[in-house]
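Student: Now for the letters of each chain:
Number of protein chains: 2
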Amino acid sequence: MEFEVTPWEVKGVVDYDKLIKEFGTTPLTEELLEKTKELTKSELPMYFKRKFFFSHRDYDLVLKDYEEGRGFFLYTGRGPSGPMHIGHIIPFFATKWLQENFGVNLYIQITDDEKFLFKPNLTFDDTKRWAYENILDIIAVGFDPDKTFIFQDSEFTKIYEMAIPIAKKVTYSMAKAVFGFNDQSKIGMIFYPAIQAAPTFFEKKRSLIPAAIDQDPYWRIQRDFAESLGYYKAAALHSKFVPGLMGLGGKMSASKPETAIYLTDDPEEAGRKIWKYALTGGRATAKEQRELGGEPDKCVVFKWLEIFFEPDDKALIERYHACKNGELLCGQCKRYLIEKVQNFLREHQKKREEAKKLVEKFKYTGELAREQWDKAIPEPLRG
Amino acid sequence: MEFEVTPWEVKGVVDYDKLIKEFGTTPLTEELLEKTKELTKSELPMYFKRKFFFSHRDYDLVLKDYEEGRGFFLYTGRGPSGPMHIGHIIPFFATKWLQENFGVNLYIQITDDEKFLFKPNLTFDDTKRWAYENILDIIAVGFDPDKTFIFQDSEFTKIYEMAIPIAKKVTYSMAKAVFGFNDQSKIGMIFYPAIQAAPTFFEKKRSLIPAAIDQDPYWRIQRDFAESLGYYKAAALHSKFVPGLMGLGGKMSASKPETAIYLTDDPEEAGRKIWKYALTGGRATAKEQRELGGEPDKCVVFKWLEIFFEPDDKALIERYHACKNGELLCGQCKRYLIEKVQNFLREHQKKREEAKKLVEKFKYTGELAREQWDKAIPEPLRG
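If you read the sequences in order, they're chains H and Y. In the numbering used here, each number is its position in the first sequence, counted from 1, plus 138. In the numbering used here, each number is its position in the second sequence, counted from 1, plus 138.
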């Protein structure tokens, strides 16, 4: 099966080297990772060491800006069309590492407008409700509340004003080329690329967007006109996809609930799902497995450990070899993963509960939030 | 010369009866005017009596809503691309009469986003600067500061959120049919119809839009989907055009400065412009004029008196006949108009100066303004 990657869908087992060529991005080299280590004076997190982030645009310039004192800022987002799963949250942990270790501002756009516009069956109230739910999950990751501004498009409508100069640069024909619009597309969808690009102009610094590589096309338009408006082209760090339980092809999908572990799943239920659905690289029988060894490179369980659930490098490598050598059976590995996932969910759900008290700070009253809102609220009306 | 009316241009001497047929609107009947008098317990102003407003959509339903206690609200606007002239301000005086005599809320949209998007040579700073200048002229008209909300799209960006459900109803193809977009149109322009329709949903009442008839197509889209979103179709009162100095064809145009009297013109200069450029219905010589009589129906001077500068009906009719009978020479009439215009300008410019102190109230702190801003500013940030 050939693989296919568009911003809407990921199909097949992905050849990431080929994607780099196709999207015209740049491999994330050892040199850049070394530089990252040096500048942050920190150990690299597993997301980088293990090449979960594997490609970039202008990350070299981001590091140069940082080194030379011009700084940069982080921008990421979430389209609130349903509950978040593990595949959604992992990039936020990587983003948290970047914020912590570079000490930079982070803007998180919650695109309740986009999801309402693009999903025929969702009401605006639906996406606003999901926005709140998703924000709890995001806050639970543990960002700095004074250096992070979580803004919901339907609320922080200042974004509209910021999108206007962008929307004067982008023709229908340009937007159509990237998003595939046609005569029946709604005018809200057609305008949306301007809203998505606007946060890259929140500061007069380079923005760095950590996102799965399928999101790359969305930033091409921004990179075409940013400099003509006196801003920087958006830089990006591209991640691979977090696969669903049922196979390494594609990415974890909210529309196939049996392939995903939701952040609000009951830990017991999550365990049952993994036990039942997780595709491993195991052989047909325990006997064969002991003789031939397993195939960790084809195994979702191993992939999940590699991407997120086994931070200990040594333990991960040992597990890889033990599998290959036939010393491990799939059941053992699954049980190990289940425990890791359950611990993570319990911890996350506790923090998610605590997040309810922090929403106001991240959205309105934290240092960065207030700074942004002050630009949005006319002086006579400010609190 | 054939006449032609689109929202972008008015050419030729206009046949208003034909326009009613072309646009599919309804004549403003004596019956509706009688009803207006009865409900407001007021004398009709010259704008109605003299058929400057001559056509409508659903004005009958507006009166019914008012009579039966459901009420209505007024919505109008201004595209701030340059200084305002007399042709721009007259509809605001008519709107003021409606507000005063029906006692209703009025929303005035200042479309600095639109003018920036649609005018290649204007910067966003330009249209924001013109927004301020134009707002002074509008305030000078004398609206009720607690029942009038003047909002600038780039500032009151809550309008974006309100436009989103509209923008999910309107396809590119629908917008193209009304506005004539093509592949090279900017995505901001394509979205704009949703922003323009949004204020008709500010209240769950019928909105009444007093505007020149060439603006009617802009509201067709709104009327197509309003009810499907649980709101009222916009009602409208359509005015004729205020002609420029150089002839009854077309409308006073800001792009032809010699045909217009600007609200900020020095009164002496305005007088000179009228004296030099105003086209009258006069004969070639004073002798001919005395013998044959003048032609007030072809005279810009008379038209300006009729539309705005001679509120005294009796005096207007006497002047009409005196002209027809050859008792008046054009110079006399011009001098009379010049005096009226100069008095108006002096008075307006005084009020315009005083308006500077009222901007804050109309935009932010008046009763209606504050009510609207309260919906736009999250509770923890309110003043």
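Calculated directly from the structure, the hints in this document are not laboratory data. Mixed in with the good hints, there may be bad ones.
Same chains, same names: a pair is fine if it fits in one copy or spans any two.
[What the hints assert, rightly or not] Heads up, simulated DSS-like pairs for lysine-lysine below, C-alpha to C-alpha not over 25 Å straight-line: (1) K342 - K371; (2) K342 - K266; (3) K425 - K462; (4) K314 - K257.
Student: Run every hint past the structure and note whether it holds.
Tutor: Checked hints:
Taking the closest pair of Cα atoms, K342 and K371 come within 25 Å of each other only inside a single copy of the chain (11 Å); across copies the shortest separation is 44 Å, beyond that limit. For the identical chains of this complex, K342 and K266 are inter-copy neighbours only, at 22 Å across copies versus 30 Å inside a copy, given an alpha-carbon limit of 25 Å. Proximity of K425 and K462 under a CA criterion of 25 Å is satisfied intra-copy only: 14 Å inside one chain copy versus 115 Å between copies. In this assembly of identical chains, the alpha carbons of K314 and K257 lie at most 25 Å apart whether taken from the same copy (18 Å) or from different copies (23 Å).
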